[in-house]
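Protein chains in written order, with my numbering: chain L, 231 to 534; chain R, 290 to 542.
Hints are supplied without guarantee of correctness; some may be wrong.
Quick look at which bits of chain L chain R covers, simulated, 3 or more residues with Cβ under 8 Å [what the hints assert, rightly or not]: (1) 254-262; (2) 279-291; (3) 295-305; (4) 492-501.
These are calculated hints, taken from the structure and not from any lab test.
Cβ coordinates follow ideal geometry from the N, Cα and C atoms, glycine included.
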Amino acid sequence: MVNTTIDLGRGLVLRNPVMTASGTFGYGEEYTDFVDLSQLGGIIVKGTTLNPREGNPYPRMAETPSGMLNCVGLQNKGVQYFIDTIYPRIKDFDTHVLLNLSGSTLEDYVKGAEMIDALDKIPAIELNVSCPNVKQGGMAFGVTCAGISQVVSEVRKVYHKHLMVKLSPNVTNIAEIALAAEAAGADSVSLINTLMGMAIDAERRKPKLSVITGGLSGACVKPVALRMVWQVAKAVKIPVVGLGGISNAIDAVEFMLAGASAIEIGTANFIDPAISAKVAQGINEYCERHGLQKVTDLIGALKC
Amino acid sequence: MKQITDFKLIEKQVFGRSVLLRLRSDHALPDIAPGQFVQVRVDDSPSTYLRRPISIHDVDFQQNEITLLVQQVGEGTKHLAQAETGTYINMVLPLGNGFMIPEKGEKVLLVGGGIGIAPLFYFAKVLNEKGINPSLLLGGKSESDLIRLSDYQKLGDTFVTTEDGSLGEKGFVTMHSVWQKQSFDRIYVCGPKPMMKAVAKLAAEKDVWCEVSLENLMACGLGACLCCVEDTIDGNLCVCKEGPVFNTRRLKW
Numbered sequence: 231m232v233n234t235t236i237d238l239g240r241g242l243v244l245r246n247p248v249m250t251a252s253g254t255f256g257y258g259e260e261y262t263d264f265v266d267l268s269q270l271g272g273i274i275v276k277g278t279t280l281n282p283r284e285g286n287p288y289p290r291m292a293e294t295p296s297g298m299l300n301c302v303g304l305q306n307k308g309v310q311y312f313i314d315t316i317y318p319r320i321k322d323f324d325t326h327v328l329l330n331l332s333g334s335t336l337e338d339y340v341k342g343a344e345m346i347d348a349l350d351k352i353p354a355i356e357l358n359v360s361c362p363n364v365k366q367g368g369m370a371f372g373v374t375c376a377g378i379s380q381v382v383s384e385v386r387k388v389y390h391k392h393l394m395v396k397l398s399p400n401v402t403n404i405a406e407i408a409l410a411a412e413a414a415g416a417d418s419v420s421l422i423n424t425l426m427g428m429a430i431d432a433e434r435r436k437p438k439l440s441v442i443t444g445g446l447s448g449a450c451v452k453p454v455a456l457r458m459v460w461q462v463a464k465a466v467k468i469p470v471v472g473l474g475g476i477s478n479a480i481d482a483v484e485f486m487l488a489g490a491s492a493i494e495i496g497t498a499n500f501i502d503p504a505i506s507a508k509v510a511q512g513i514n515e516y517c518e519r520h521g522l523q524k525v526t527d528l529i530g531a532l533k534c
Numbered sequence: 290m291k292q293i294t295d296f297k298l299i300e301k302q303v304f305g306r307s308v309l310l311r312l313r314s315d316h317a318l319p320d321i322a323p324g325q326f327v328q329v330r331v332d333d334s335p336s337t338y339l340r341r342p343i344s345i346h347d348v349d350f351q352q353n354e355i356t357l358l359v360q361q362v363g364e365g366t367k368h369l370a371q372a373e374t375g376t377y378i379n380m381v382l383p384l385g386n387g388f389m390i391p392e393k394g395e396k397v398l399l400v401g402g403g404i405g406i407a408p409l410f411y412f413a414k415v416l417n418e419k420g421i422n423p424s425l426l427l428g429g430k431s432e433s434d435l436i437r438l439s440d441y442q443k444l445g446d447t448f449v450t451t452e453d454g455s456l457g458e459k460g461f462v463t464m465h466s467v468w469q470k471q472s473f474d475r476i477y478v479c480g481p482k483p484m485m486k487a488v489a490k491l492a493a494e495k496d497v498w499c500e501v502s503l504e505n506l507m508a509c510g511l512g513a514c515l516c517c518v519e520d521t522i523d524g525n526l527c528v529c530k531e532g533p534v535f536n537t538r539r540l541k542w
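Using the sequences and the hints, build the whole thing.
Here's what the structure looks like:
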C-alpha cells in the first residue's frame with residue numbers, strides 16, 4: 231500500500247496529489263457520471279468573482295496543435311450566487327472543494343475572500359492573479375512582484391484558511407513572482423495558468439477569438455509548465471502545485487519529480503472526462519512499480 | 290446517465306463529402322433523446338486535439354447501435370471519415386437536451402439544411418413511433434446533399450429544395466411553396482446558422498413555435514468550459530448543456 235496523502239499546509243491535507251483545474255471541471259457535478267470524486271485529492275471549481283460577469287462574446291475557443299486557446303473571460307454568477315446556490319449542492323462531495331477566486335480590483339479580492347472564509351466546507355482558495363487590474367491600466371496583478379505582493383497580503387489579512395496562489399506564466403522570471411507570493415503569506419503556489427496566445431483564420435483574415443488573444447492550454451504547454459514548476463520549486467519553501475498539459479499519470483509524476491507536491495488536471499478533462507481518477511490510480515501504480523512507500527518520495531526527486 | 294464508450298465501426302457508406310458511420314457498442318445504450326449529440330474522439334490525427342461534437346442520426350437500441358452522418362469539414366471530421374470498418378471509435382454520450390416532443394395531433398414541420406438534416410432522421414423516427422407524422426422540408430446546395438432522401442420520405446411528407454434546382458423546388462428552404470399551402474403548430478430546424486435564422490424569422494412572422502439546434506464551437510461538451518455559449522435572454526448559455534436545442538424566443542437573433 232502506497233501512502234498517497236499530501237499535506238499542503240494550514241489544514242489542507244489531500245488524500246492523493248490529484249486535483250482538477252479551475253475552469254475545466256465546472257463545479258464537479260458535470261463530471262460525476264464519469265469520475266468518483268472520492269478518488270481525487272480535490273476539485274478546484276470555476277473561477278468566481280465578487281460580482282457576476284457575462285464573460286467575453288462568442289467565439290471563445292480555438293483548437294491549436296495539441297492544445298486550445300480560450301477567452302471565456304471568467305463568466306460566472308458571482309460569489310453570493312455561489313454561496314446561495316452552488317455551495318449547498320457541492321459542499322458534501324467526498325473530496326476537498328477549493329474555490330478559484332478572481333478579481334479586477336483589490337477590494338473585490340478582499341471582499342470575496344472574506345465571504346468565502348465563512349464557508350465551512352471550502353478549505354482553501356486558489357487565488358487567480360492573472361486577471362487585469364482595472365485600476366492599474368489593465369495590467370495583471372500577477373505579473374509584477376509588487377502587484378502580487380499587494381493582492382496576496384491584503385487577502386491574507388482576511389482569509390484564515392489555506393491560500394494557494396495561481397501564478398501566471400506570462401512573466402519574465404516566475405521564481406521571483408513566486409517568492410513575492412510566499413513572502414506575502416501564500417501557503418502554496420499553483421502553476422501554470424494559461425499562456426497568452428492567439429490564432430488567426432488566414433482565409434478570412436480574422437482572429438479566431440472574439441477578443442483576439444486568449445489563454446493557451448493542453449498538452450502543448452507541458453514543457454513550459456514543467457520548466458517553470460522546477461524553477462519555482464527550487465526557489466520557494468512552500469508547496470508547489472503543478473499544472474499545464476498533464477494528460478496522464480506519467481505526466482503527473484514528471485511534475486512531482488520537478489518539485490510539485492500536488493498536481494491539477496485541466497484541459498485533459500475535455501478529452502477524457504474520466505482522466506482525473508485514472509491519473510490518481512496511475513500515480514499509485516508508478517509508486518508501486520518503483521517500490522515507493524509514500525507518494526511524497528516523488529516530490530523533487532529528479533536526478534540532475 | 291452519460292457514458293464514455295468504445296464503439297466498433299460496423300458499416301460505412303460514403304455520400305460525396307459526407308459519410309454514414311454505423312457504430313456498435315458491447316454495452317447497452319443509455320436513453321437517447323432526438324436532438325442529443327455525441328462527442329467523438331478522433332484518434333491518430335495530430336492536428337485534432339479536442340473531441341468533435343456530432344449529432345445522432347439514428348439509434349438502434351436492440352443492436353446497441355448509433356449511426357452518425359458526418360460531413361467532412363475540417364481535419365477532425367476528414368480523419369473520422371477515413372476510419373475503416375472494424376476499428377473502434379470512442380464517444381461520450383448522450384449530451385445536451387433534445388427537441389421537445391410535440392403532442393399527438395399537432396402539425397409538425399422538421400426543416401433541415403445541408404448536413405443539418407442528420408438529427409432529423411432519428412427525430413422523425415421517434416415521432417412516428419409516437420403516432421405523429423411530421424412533414425419534412427429538406428434543403429441542400431444540390432441533389433447530392435439530400436442523403437438518404439428515400440428513407441426520410443418513409444417517415445413523413447417530404448419537401449425538397451436545392452439551390453441549383455437539381456431536385457425539388459429551386460432556392461432556399463424558406464422559399465418552398467409548402468409555406469403558402471400549409472400551416473404548422475411546431476417547427477424544428479437544424480442547419481447552417483443563416484438558414485436557421487431565416488426559418489426562425491419566418492416562424493416568428495407566422496407566430497409559430499420554433500426550436501433550432503445550434504452547433505457552436507465547443508470543447509468539453511459537458512457545460513464545464515463555457516466556450517460554446519450563445520447569447521440568450523437569460524445571458525450566455527452553453528450550447529452543449531443548455532442546448533443544443535433552443536426555443537427561438539430565448540435567442541437574441
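Here's how the hints hold up against the structure:
Coverage of the segment 254-262 of chain L by chain R holds. Counting CB-CB distances below 8 Å, 5 residues qualify, and the rule asks for three or more. For the segment 279-291 of chain L, the proposed coverage by chain R is satisfied: 7 residues have a C-beta within less than 8 Å of a C-beta in that chain, meeting the threshold of three. Figure legend: the segment 295-305 of chain L, annotated as covered by chain R; annotation consistent (7 residues with Cβ-Cβ distances under 8 Å, at least 3 required). Counting residues of the segment 492-501 of chain L whose CB lies closer than 8 Å to any CB of chain R gives 4, which reaches the minimum of 3, so the coverage claim holds.
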